[in-house]
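*Asks:* Okay, here's what each chain looks like letter by letter:
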Amino acid sequence: MTDDLDEMERAVGRAGRASAQLLTAAGLAVVSYFFLALLVFTACTALLVIGAGMVPETALLLHRLTGYKRRKVAAWTGEPLPEAYAQLTGTLPERVRTAVKDPGTRQDLRWYALHCVYGMLLPCLALPVWFTGLVVDGVWCGALRRRAVVLPLIERLADLDAAWSRALLMPSPEARRTAELAERVEELTVTRAGAVAAHGAELRRIERDLHDGAQARLVALSMRVGLAKRAYENNPDMTRKLLDDAQDQAEEALTELRHVVRGIHPPILTDRGLVGAVRALAAGSGLDVRVDVVGLDGEPAPADGTGPAEGTGPAGNPGSPGDPGSPGGTASAAVPVGAPRAPAAVEAAAYFVVAEALTNAAKHSGADRASVRLERTADRLRLTVRDEGRGGADDSGRGGSGLLGMRRRVAALDGTVDMTSPVGGPTVIEVELPCVW
Amino acid sequence: MRVVIAEDNALLREGMVLLLSSAGHEVVAVAATGPEVLPTLLEHRPDVAVLDVRMPPGFRDEGLRAALAARREIPALPVLVLSQYVEETYAAELLGGGASGVGYLLKDRVGRVDEFLDALDRVASGGTALDPEVVTELLTRRRDDPLESLTPREREVLHLMAEGQDNATIAKTLVVSDRAVSKHIGNVFAKLGLPPSDSGHRRVLAVLAYLKKD
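Residue numbers (our numbering), protein chains in the order written: chain A, 1 to 437; chain B, 1 to 214.
No lab work stands behind these hints: they were computed from the structure. Just so we're clear, the structure is a prediction, and the values are computed from it rather than from any experiment. Don't take each hint at face value.
Derived pair list, reagent style BS3-like, types lysine-lysine, alpha-carbon separation capped at 30 Å [said to hold, decoys possible]:
(1) Lys172(B) / Lys241(A)
(2) Lys101(A) / Lys72(A)
(3) Lys107(B) / Lys229(A)
(4) Lys107(B) / Lys172(B)
Here are some of the chain B residues that sit facing chain A, going by a computed Cβ distance under 7 Å [claimed, not checked]:
(5) Arg60
(6) Asp61
(7) Glu88
Now the stretches of chain A that chain B is said to cover, found in silico as 3 or more residues with beta-carbon under 8 Å [unchecked claim]:
(8) 7-20
(9) 256-263
(10) 279-291
Don't be surprised by glycine CBs; every beta carbon is placed ideally from N, CA and C.
All chains should be built: construct the whole structure from the sequences, respecting the hints.
*Replies:* Given below as C-alpha cells:
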C-alpha cells in the first residue's frame with residue numbers, strides 16, 4: 001500500500017518539478033510581452049536614427065533574456081547549451097552594425113518570437129492535465145496500483161519546451177567557433193598586455209639596478225682614480241689609499257653586474273641549455289634532487305643531480321672524447337648540436353620556476369628530497385617540481401612573493417601554474433609553457 | 001713559468017700578457033678561439049694554462065671543455081680556469097679528475113694581482129685554487145649539521161682550506177700564528193669527522209667532498 005502511495009507521490013513530485021519549469025517559461029513569456037514593446041519601440045526609433053543608440057543595449061538585454069532560458073534548459077536536460085555572440089565593441093555605429101548583423105542575435109529574435117507563443121501555450125496545456133491527472137491517476141495509480149499515465153504528460157510538455165528551445169537556441173558550429181576564437185583573442189590580448197607590462201617592468205628594474213649599482217660605482221671609481229692622479233706626486237700614502245678604494249669599487253661593480261646578468265638570463269642557460277642548467281640547480285640546492293627529462297636533449301643520466309665531488313658527478317663520467325672546441329662536443333653534460341631548444345624566454349622562465357621551487361623546498365618545506373621533471377610535448381614545455389616536505393605552501397603565505405613572481409613570469413608567456421600543497425605534503429608545482437619547438 | 005693563455009677578448013688577453021710578463025712569466029702562446037686551445041697546449045706543453053670559459057665559436061663553455069680535454073690528453077697539466085661567473089657544477093667537473101693543479105676563479109680576482117699570481121703559482125705547483133664565491137655557495141647551502149658547531153674562526157679556516165690555501169697563507173690572512181692555524185684545522189677535522197689529512201690538494205678534496213656530501 002505504501003509503495004503505491006509512493007508511486008503516486010513520485011508522479012506528483014515529478015509533475016510538480018515539470019510545472020515549475022513550465023511556469024518559468026510562462027513567466028519568461030510574460031516578460032517577453034513587455035519586452036516586445038521595448039523591441040518595437042527600439043526598432044521604430046532606430047529607423048528614425050534617433051534610437052540607434054538603444055540597439056546594442058536592447059541586443060544585450062535580449063542576450064540576457066536568452067541566457068536565462070539557456071541556463072534553465074541546460075538544467076532541465078542536463079546538457080550544456082552554449083551561447084555565441086559577436087563582441088559588441090568599438091564606436092556606436094560599429095556596435096549597432098555588429099548587433100544587427102550578429103547571427104546570435106538573430107537566432108535569439110527567432111526564438112523570442114516563437115517562445116512568445118509556445119512559452120505560454122505549453123503551461124496553459126499543463127493546467128487541464130493537472131486536473132485530469134489528479135483524478136485519473138488518483139484512481140489508476142493510487143487505488144488500482146497501476147503506473148501513473150496522465151501526470152507524466154506534464155513532464156513531456158516541459159521536455160517539449162526544452163527541446164524546442166534547445167533547437168532554436170543552439171548556436172551553429174560556425175558561430176561557436178567564431179565565438180571561441182573571439183574569446184581566445186580576448187584572452188591573448190590580456191596576456192599579451194600582461195607580457196608587455198611585465199617586460200616593461202623588467203626593463204625598468206634592470207635600468208634601475210644598473211643605474212644605482214654598477215654605474216654609480218664606476219663613477220665613484222673614476223673619481224678616485226682622478227684624485228689618485230692628483231695626489232700621486234705629493235701624497236703617496238693618500239694615492240695608495242685612493243687606489244685601494246678604487247679597486248674595491250671596481251670589484252663591487254663587477255659583483256653587481258654579475259647579479260644583474262643572472263637576473264636577465266642566467267649564463268649557465270647559454271652554456272648548458274635548460275637541462276644542464278636545471279641539473280646545476282639541483283646539484284646546488286642542498287637537497288637530494290632527482291631530475292627526469294622527457295623528450296629534451298641533455299645527458300640521459302645520472303638521474304641523481306647531486307653527488308660527491310669525485311665519483312658520480314657529471315664530470316666523474318668523462319664522456320666520449322671528441323673535438324674539444326666545438327660547442328656541445330665532448331663532455332657528458334653536452335647538449336647535442338641541433339637539439340630542439342625552447343625559446344630563450346621560455347627557458348629562462350622554466351629555469352626561474354625550478355630555482356624558486358627548489359629554494360622554497362629547501363627553505364620552508366623541511367624536505368630533504370625533491371624531484372624535477374622536464375617534459376617536452378607537441379606544443380609546450382611541461383615542468384613539475386615535487387618535494388616530500390610538510391606542504392601547506394600557498395601564494396599568500398611563506399615564500400608568497402616568490403610564488404607570485406613565478407605566476408607572473410609564467411602568465412606573461414601564456415603559461416599556467418598549478419600548485420597543490422596539502423598540509424603534510426607533498427608540494428607539487430606544475431607549470432606548462434606554450435612553446436614552438 | 002711558461003704560460004699559455006686562452007682568452008677571446010683582445011683587451012683582457014693583452015692585459016693578461018702584460019700582467020704575467022711583468023711578473024716574470026713567459027707567455028709562450030695565446031689561443032683566441034675554442035678549437036685552437038687543445039692543439040696549442042699540445043704543441044707548447046706549458047707549465048700552466050690560463051683558460052677563459054666562454055669562447056668562440058659557440059660562446060658557451062668551450063674553455064671549460066678544453067680544460068677537461070687537455071687534462072685527459074696531458075695528465076697533470078695545471079689549468080687555471082677564469083670566468084665572468086662561477087658555477088658550482090663547473091667546479092665539480094673540473095675537480096672530478098682530481099684537484100691537483102686545478103684552479104677555478106672569477107675574472108675579477110685578476111685585479112688583485114699578488115693574490116692572482118699566488119693562485120697561479122699554487123696551481124702550477126700542483127695545488128688548488130678555488131674561488132671564494134664557490135666555497136661560500138658550498139658552505140651556505142648546507143643546513144643541518146656539524147658545520148653549525150664550528151666557531152666563526154674555524155669556519156674561516158675551513159673556507160680558506162676549501163679555496164686551496166696552505167697553512168702559512170691561512171695564518172697570514174687571519175693574522176694568527178701557524179700553530180693556531182694547525183689547532184683550528186685539527187678542530188675542524190675532528191668536528192666534521194674527517195680523517196686527519198696533510199696539507200695540499202688531498203686536504204682540499206677531503207673538505208670539498210665533505211661540503212658536497214648530502
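*Asks:* A separate judgement is required for each hint: does it hold in the structure or not?
*Replies:* Here's how the hints hold up against the structure:
1. With a C-alpha separation of about 21 Å, the suggested pairing of Lys172(B) with Lys241(A) holds against the 30 Å cut-off.
2. Taking the CA atoms of Lys101(A) and Lys72(A), the gap is about 26 Å. The hint holds against a cut of 30 Å.
3. Among the hinted pairs, Lys107(B) with Lys229(A) is consistent with the structure: their alpha-carbon atoms are about 26 Å apart, no more than 30 Å.
4. Proposed proximity of Lys107(B) and Lys172(B) is supported: the alpha carbons are some 24 Å apart, at most 30 Å.
5. Nearest Cβ of chain A to the Cβ of Arg60(B): about 4 Å, under the 7 Å cut. The hint holds.
6. Residue-level restraint check for Asp61(B) holds (minimum Cβ-Cβ distance to chain A is 4 Å; threshold 7 Å).
7. Hint on Glu88(B) holds. Least Cβ distance to chain A is approximately 5 Å, under the 7 Å limit.
8. As drawn, the stretch 7-20 of chain A meets chain B at 0 residues by the rule of a beta-carbon pair under 8 Å; below three, the given contact is violated.
9. With a threshold of 8 Å between beta carbons, the proposed coverage of the stretch 256-263 of chain A by chain B holds, since 3 of its residues qualify and at least three are required.
10. Beta-carbon proximity to chain B at under 8 Å applies to 8 residues in the stretch 279-291 of chain A; the threshold of 3 is reached and the given coverage holds.
Of the numbered hints stated above, the single one contradicted by the structure is hint 8.
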